[in-house]
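The sequence shown: position 8 = 15 (this note's numbering), numbered continuously.
Note that these hints are calculated values from the structure, not bench results. Keep in mind that a hint or two might mislead.
Derived DEER-like restraints, expressed as beta-carbon distance ranges [what the hints assert, rightly or not]:
id: 1; residue 1: L101; residue 2: G44; range: 13 to 21 angstroms
id: 2; residue 1: G44; residue 2: V153; range: 34 to 42 angstroms
id: 3; residue 1: R107; residue 2: F160; range: 32 to 40 angstroms
id: 4; residue 1: E54; residue 2: F76; range: 21 to 29 angstroms
id: 5; residue 1: D38; residue 2: M179; range: 22 to 30 angstroms
id: 6; residue 1: L93; residue 2: Q56; range: 16 to 24 angstroms
id: 7; residue 1: L168; residue 2: E111; range: 30 to 38 angstroms
Virtual Cβ for every residue (Gly too), placed ideally from N, Cα, C.
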Amino acid sequence: MSADWTSLVAASATAFTTLIFARAALHKLGDFTTFTGFVADYQVVSERQVAPVSMTLAAAEVVVVAAAFLPGLQPLGSVVAIGLYLLYATVIGLNVARGRDRVECGCGGAAQPLSWTLVARNFVLAAIAAIGLAGPISALSVAEAVTAIVSGFTLFVGYQLVEQIMANFTQMRLKR
Numbered sequence: 008m009s010a011d012w013t014s015l016v017a018a019s020a021t022a023f024t025t026l027i028f029a030r031a032a033l034h035k036l037g038d039f040t041t042f043t044g045f046v047a048d049y050q051v052v053s054e055r056q057v058a059p060v061s062m063t064l065a066a067a068e069v070v071v072v073a074a075a076f077l078p079g080l081q082p083l084g085s086v087v088a089i090g091l092y093l094l095y096a097t098v099i100g101l102n103v104a105r106g107r108d109r110v111e112c113g114c115g116g117a118a119q120p121l122s123w124t125l126v127a128r129n130f131v132l133a134a135i136a137a138i139g140l141a142g143p144i145s146a147l148s149v150a151e152a153v154t155a156i157v158s159g160f161t162l163f164v165g166y167q168l169v170e171q172i173m174a175n176f177t178q179m180r181l182k183r
């Protein structure tokens, strides 16, 4: 018995979202001190709150990744991912609105200063994470699961290319 197309699309979106958050969590936990510096640069929490907020954000990203692999928890991971993307969009937008567009985003990919483009990117990523709630991914056959993982990975590679192009464009704009 094969799953319907919504389950396949949901699983592909979940695989993509999981890869994004795995990369982001590794970035944050791999150099936690640098990450706390990024959080401090956003100037939305007091100095005393920077370390606990940073740890909470990194832990939430780990939850997104772990939930994709734990039976029954994938919807929780999608909801946490949506919340994180919307939080990140809000904080980036707040800083850009305050004229603080020379701050490094600290997102885990190519180095990028804050911009409205990053705000839009996070809204798009939240929408993709929401697609992960579209159908039960547990209904997939092995072949469908492999297809979803390959699809999610392909989206992830494409995303990384677009992200690098965005970073290059922003760097060129800033040098002018």
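* **30 to 38 angstroms as the expected CB spacing between E111 and L168, which holds or is violated** => Violated - the Cβ-Cβ distance for L168 and E111, about 20 angstroms, lies outside 30 to 38 angstroms.
* For L101 and G44, compare the CB-CB distance with the range 13 to 21 angstroms and indicate the outcome. => Hint holds: Cβ distance 18 angstroms, inside 13 to 21 angstroms.
* **E54 versus F76 beta-carbon gap, inside 21 to 29 angstroms or not** => violated, 36 angstroms
* Asked: G44 and V153, beta-carbon distance inside 34 to 42 angstroms?
  -> holds, 40 angstroms
* **Distance restraint evaluation - D38, M179, Cβ atoms, bounds 22 to 30 angstroms** => Roughly 26 angstroms apart at Cβ, these two residues keep to the hinted range, so it holds.
* Asked: When you take the CB atoms of R107 and F160, is the distance between them in 32 to 40 angstroms?
  -> holds, 35 angstroms
* Hint check for Q56 and L93 - Cβ pair distance inside 16 to 24 angstroms -> At 20 angstroms between Cβs, range holds.
Hints 4 and 7 from the earlier list are contradicted by this structure; the remaining hints agree with it.
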